[in-house]
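2 protein chains.
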Amino acid sequence: MKKILIVGGVAGGATTAARLRRLDEESQIVMFERGEYISFANCGLPYYIGEIIPQRDALLVQTVDGMSERFNMDIRNLSEVTAINREKKTVTVKNLKLGTTYEERYDVLVLSPGANPIKPPIKGLDEADNVFTLRNIPDTDAIKAHVDNKKPKSAVVIGGGFIGVEMAENLVHRGIKVTLVEMADQIMAPFDSEMVSILHKHVTDMGVELILSDGVSYFDQKGTKIGLNSGKVLDTELTILSIGVRPENELAKSSGLELGERGHIKVDQNMMTSDPNIYAIGDAIETIDYIYNEPAMVPLAWPANKQGRIVADRICGIDSKYPGTLGTSIAKVFDLTAASTGHNEKALARLGKTNYKTIHIHPGSHAGYYPGAFPISLKLIFEVPSGKILGAQGIGYDGVDKRIDVIATAIKGNLTVRDITNLELAYAPPYSSAKDPVNMAGYVASNILDGLVDVVYYNEIDKLIADGGLLIDVREPMEREMGFIEGSINIPLHEIRERLDEIPKDKELYVSCQVGLRGYLAARILKQHGYNVKNLDGGYKTYSDVYG
Amino acid sequence: MKKILIVGGVAGGATTAARLRRLDEESQIVMFERGEYISFANCGLPYYIGEIIPQRDALLVQTVDGMSERFNMDIRNLSEVTAINREKKTVTVKNLKLGTTYEERYDVLVLSPGANPIKPPIKGLDEADNVFTLRNIPDTDAIKAHVDNKKPKSAVVIGGGFIGVEMAENLVHRGIKVTLVEMADQIMAPFDSEMVSILHKHVTDMGVELILSDGVSYFDQKGTKIGLNSGKVLDTELTILSIGVRPENELAKSSGLELGERGHIKVDQNMMTSDPNIYAIGDAIETIDYIYNEPAMVPLAWPANKQGRIVADRICGIDSKYPGTLGTSIAKVFDLTAASTGHNEKALARLGKTNYKTIHIHPGSHAGYYPGAFPISLKLIFEVPSGKILGAQGIGYDGVDKRIDVIATAIKGNLTVRDITNLELAYAPPYSSAKDPVNMAGYVASNILDGLVDVVYYNEIDKLIADGGLLIDVREPMEREMGFIEGSINIPLHEIRERLDEIPKDKELYVSCQVGLRGYLAARILKQHGYNVKNLDGGYKTYSDVYG
Ligand SMILES: Cc1cc2nc3c(=O)[nH]c(=O)nc-3n(C[C@H](O)[C@H](O)[C@H](O)COP(=O)(O)OP(=O)(O)OC[C@H]3O[C@@H](n4cnc5c(N)ncnc54)[C@H](O)[C@@H]3O)c2cc1C
Ligand SMILES: Cc1cc2nc3c(=O)[nH]c(=O)nc-3n(C[C@H](O)[C@H](O)[C@H](O)COP(=O)(O)OP(=O)(O)OC[C@H]3O[C@@H](n4cnc5c(N)ncnc54)[C@H](O)[C@@H]3O)c2cc1C
Ligand SMILES: CC(C)(COP(=O)(O)OP(=O)(O)OC[C@H]1O[C@@H](n2cnc3c(N)ncnc32)[C@H](O)[C@@H]1OP(=O)(O)O)[C@@H](O)C(=O)NCCC(=O)NCCS
Ligand SMILES: CC(C)(COP(=O)(O)OP(=O)(O)OC[C@H]1O[C@@H](n2cnc3c(N)ncnc32)[C@H](O)[C@@H]1OP(=O)(O)O)[C@@H](O)C(=O)NCCC(=O)NCCS
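Here the protein sequences come in this chain order: V and S. The first sequence lines up with residues 1076 to 1623 when you count with this note's numbering. The second sequence lines up with residues 1076 to 1623 when you count with this note's numbering.
Hint data in this document are derived by calculation from the structure and do not stem from the laboratory. Note that the Cβ used here is the ideal one computed from N, Cα and C, for glycine as well. One or more of the hints may lead you astray.
What the hints assert, rightly or not - Now the in silico label distances, taken between C-beta atoms and shown as ranges:
{"#": "1", "chain 1": "V", "residue 1": "Gly1605", "chain 2": "S", "residue 2": "Leu1426", "range": "52 to 62 angstroms"}
{"#": "2", "chain 1": "S", "residue 1": "Gln1344", "chain 2": "V", "residue 2": "Lys1328", "range": "50 to 60 angstroms"}
{"#": "3", "chain 1": "S", "residue 1": "Leu1426", "chain 2": "V", "residue 2": "Phe1449", "range": "36 to 46 angstroms"}
{"#": "4", "chain 1": "S", "residue 1": "Gly1558", "chain 2": "V", "residue 2": "His1248", "range": "38 to 48 angstroms"}
{"#": "5", "chain 1": "S", "residue 1": "Gly1623", "chain 2": "V", "residue 2": "Asp1140", "range": "26 to 36 angstroms"}
{"#": "6", "chain 1": "V", "residue 1": "Met1557", "chain 2": "S", "residue 2": "Lys1396", "range": "36 to 46 angstroms"}
Bound-form chain V, shown alone (with noise of 0.2 angstroms):
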């Protein structure tokens, strides 16, 4: 009978055991879980503080009680494993209930230990008694009850990333002013820069006062002043400290675990670590990007399940792999969902990445024609000149989720952006168009890999036209009353067949449009009759969405 002893009772650990339970009666599978708590929706908490899941019981996906009982488990909550001791095979367990401490023996060790939060030694941290991170159920309930028992009116968030992000929107719902300070140029890292500046002004739209670019210098007052690197002082009642997540790894390094550049535990496709008897999985671990085979740490919780259920199954002798992870991602941000598949800009740039191109388009959620219908900000990267698909971002109030499921689908399936212009995809008017908008970037796509179009970028344009570049806006004169690009002049689009005499030919030529469409339109006239040009990419409305 083999033991199986499994260090964290969460998103992998949990998995791990349901499913090597379900593969074998037999084996002896102990679960430690330092926390009280095990199986806890981590990724619902900062809704519970919101308010906008009311029941606490809803966190406990499992009970150790029902777990056990269910999966005739042995699960030892309020239990830390402070030393993995290789050769003996055992670990030492310590009982946080009664103090004591003892050995285990496994034939296999499964390590989900986690992350957590970063909490860097500022100044007054310590003194501060309203500053919390925010990582598992008893954080929660501090933070909870500080809202609840206090009923702060202002509340600053450190760090901008997606449970800052959560957290910042979850006390806007609760009444609360928020500040929210990131330490970047911008939120919620997976997005490009031109594609966040949508997320920057809808939160500012939603009442939180941003401040970019700036960190904390240091605590004051019991918390109550924050001093920023620039000098400015933020009052507050309330401060979450989201910065980011540390790997777990402790037992790992003592144990001399093979760790990786940043501090994850190494594994290799069968989430094997440099000890064939212990397997790791989760949030502490490096694994492997599904595209380039780069290093990749991922902690989110896909993954996490995944590798649980791979785990159990080569316990269990079935060959399962991890194919490296695709990082996708996704988070309402008050009325916007922002999704992400695969790479941005900044990790090819990071990669060293240069031959793929981008484009960008805003279709609309469903048919225009059908009521509530909302654009959908799409950028979609591609290898050059294969078509691969590198990655997608959307930015929108509805069908978003949707557009970049479907992406990193046809990224699994190794499909091309040419590819994706055969997708057939479920068509009535309150989902989608005839051509959807992933369709439609296949489309946008595959004209510029086919020459059929050349493109310039919302952040070349203004340099281009100061250097002596023509823009020519193939809009309405109506549309160009929202805003224009500076220099460009206007031709609306059905007048440029009888207006070709009045575009010199001795010029760098751009056009542009309100999303790309007409613009493209145009640059094919213009270039079947002997110009030079290029569309701008993703319209006046790229372009502003920076710039306006």
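Guided by the hints, dock chain S with the ligands onto chain V, whose structure is given.
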């Protein structure tokens, strides 16, 4: 200069014309449309009648003037092409305004004439003045005028396909009592019977009187009485005849183009007819199905649009090919969404395929602990033993379109049921679960392929019990109060390990629960204790959808 004539100015025709002009400024493009309007939103027509779409103008995606100007083409509406003279490479055109007839020469001819509502020679139909079909703007105007002016209190919709069901919904929305008569034993042919049960219940709940397995025998009293085959007589103030469409094939037939068995124009993967100078696309053609390369006739907007673009490419020397039609489709059915892709079991039976299995699951549209989640009834059909995905059907209040689109994409990426467990889909609580419903479908199907569990189906279990099999319902006693399968005994899942001695080893053994998950857990336990056991696929939910 090439001269291209296009017959039909809506989905397929207008799309061909637009892409043609983008590719080629020079060629002469003439588009003939019999009706007054081109490029209208066929799919929006029911919703305009229902006043969900308030503005008639919204249906007109392009006008003759607007499109002529933008695309510099010769658009002739109210112009019917009455003959193709293939030897001369001309068509005969009748100007319906003037009543005149002329010939027009072509280098390439594109046919996108669509399809016509079937109007069988039913007794009394010609005398009826309240019976309508719905295909175009004049049809729409006539129905809407009848509703607006005559204010009917009751209506009969004949035919329960997509258009019939959409019309039923929209007439109900106008306050009309609707009876839906369908000749088959189910509405919405893309769905298998156990899935469509959910729709039958819902449309009935929404106030529609549903008459299945019955057809119209005669109309009487100017159409205000409808006699059915069963002898039943219905009173009606408005009747919509929507029993299907027939390809508009007169031109093709009279000019000797090759037709398929059911009268559709035959084309190859280049959309070329049996005459190399003539292409055909859209509802009028027979193409191949993506999965088995069998003949396929799918009168939907995506194929028409896609094929239009392909024809334009080919005419301009670009090597685009049509990969065949998957048949992805979707409809809003009152508050439900019903979507499908690939083949259903009825189609597989017709094709003589038996090497497949199905699963039925009912996962939440998003995490259960986040408000607003609804179960999705999801059916997946997969080849055995390859795991190739053959089709999927989904019905639910939310998130159905996304899952069917993901599966349609997976099919195009040649992903198997095992591969879809690896799809990394966007997860945050408002959008999905850490294991998305599509992942879950993959897991459930893979477990069957891997022999981890055997299943029986909703339509087999009653007989198996009658034949002496033992069904153990592993739900909690309280759940059985809401209904259970006759003849089953109850041992809750968490007691099963202790009560093994109650379970006979000499009987055919089955387990069931609410949706299949706990049944699976029980089956795994029993199997490992030496029982030969099968789990009821889809649980009591699927069973009671049909028999409940
Ligand atoms: C507020 C919040 C919101 C989130 N939202 C999302 C989201 O929307 N989408 C998404 O994909 N992901 C989200 N995540 C991330 C997701 O929850 C994690 O990626 C996932 O839980 C990681 O699983 P894990 O098993 O690695 O770690 P965890 O689920 O954190 O489990 C690790 C457990 O191990 C225990 N442990 C650690 N060391 C020891 C030890 N030595 N002995 C005993 N026990 C130990 C810890 O106490 C912890 O309970 C969110 C996370 C948080 C905190
Ligand atoms: C009410 C309704 C709802 C629908 N809903 C959906 C939906 O939700 N999703 C979906 O995918 N599909 C839907 N469809 C189907 C979709 O509209 C068709 O599949 C699509 O329009 C087919 O394109 P087509 O070019 O082949 O035919 P059409 O778009 O019908 O165009 C054919 C045109 O050719 C003209 N024509 C025919 N013969 C001649 C001739 N000899 N000379 C000149 N002109 C001629 C006709 O007048 C017609 O206007 C719906 C259809 C209807 C009627
Ligand atoms: C609750 C928890 C222990 C469940 O683990 P689990 O049993 O693997 O997951 P589920 O309850 O979703 O069940 C999935 C299993 O049921 C099977 N299943 C699901 N629906 C089924 C159905 N209708 N019929 C048959 N089998 C079904 C699946 O195939 C899968 O079994 P497998 O892995 O052996 O193939 C674990 O996911 C957990 O702790 N979650 C909370 C923590 C967390 O994930 N946090 C991050 C997100 S907030
Ligand atoms: C209106 C109609 C003529 C438009 O045809 P179309 O021009 O091919 O289609 P769209 O307006 O959607 O434009 C698509 C083109 O613009 C390009 N495009 C779209 N968005 C773009 C953007 N943001 N930037 C650059 N190019 C863009 C696409 O690449 C595509 O061009 P391509 O085919 O050369 O690659 C035709 O679709 C029609 O008649 N529709 C109504 C009838 C119908 O379809 N009915 C059934 C459904 S209700």
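Outcome of the hint check:
1. Gly1605/V - Leu1426/S: 52 to 62 angstroms: For Leu1426/S against Gly1605/V, whose Cβ atoms are near 54 angstroms apart, the range 52 to 62 angstroms holds.
2. Gln1344/S - Lys1328/V: 50 to 60 angstroms: holds (59 angstroms)
3. Leu1426/S - Phe1449/V: 36 to 46 angstroms: holds (41 angstroms)
4. Gly1558/S - His1248/V: 38 to 48 angstroms: holds (39 angstroms)
5. Gly1623/S - Asp1140/V: 26 to 36 angstroms: holds (32 angstroms)
6. Met1557/V - Lys1396/S: 36 to 46 angstroms: holds (42 angstroms)
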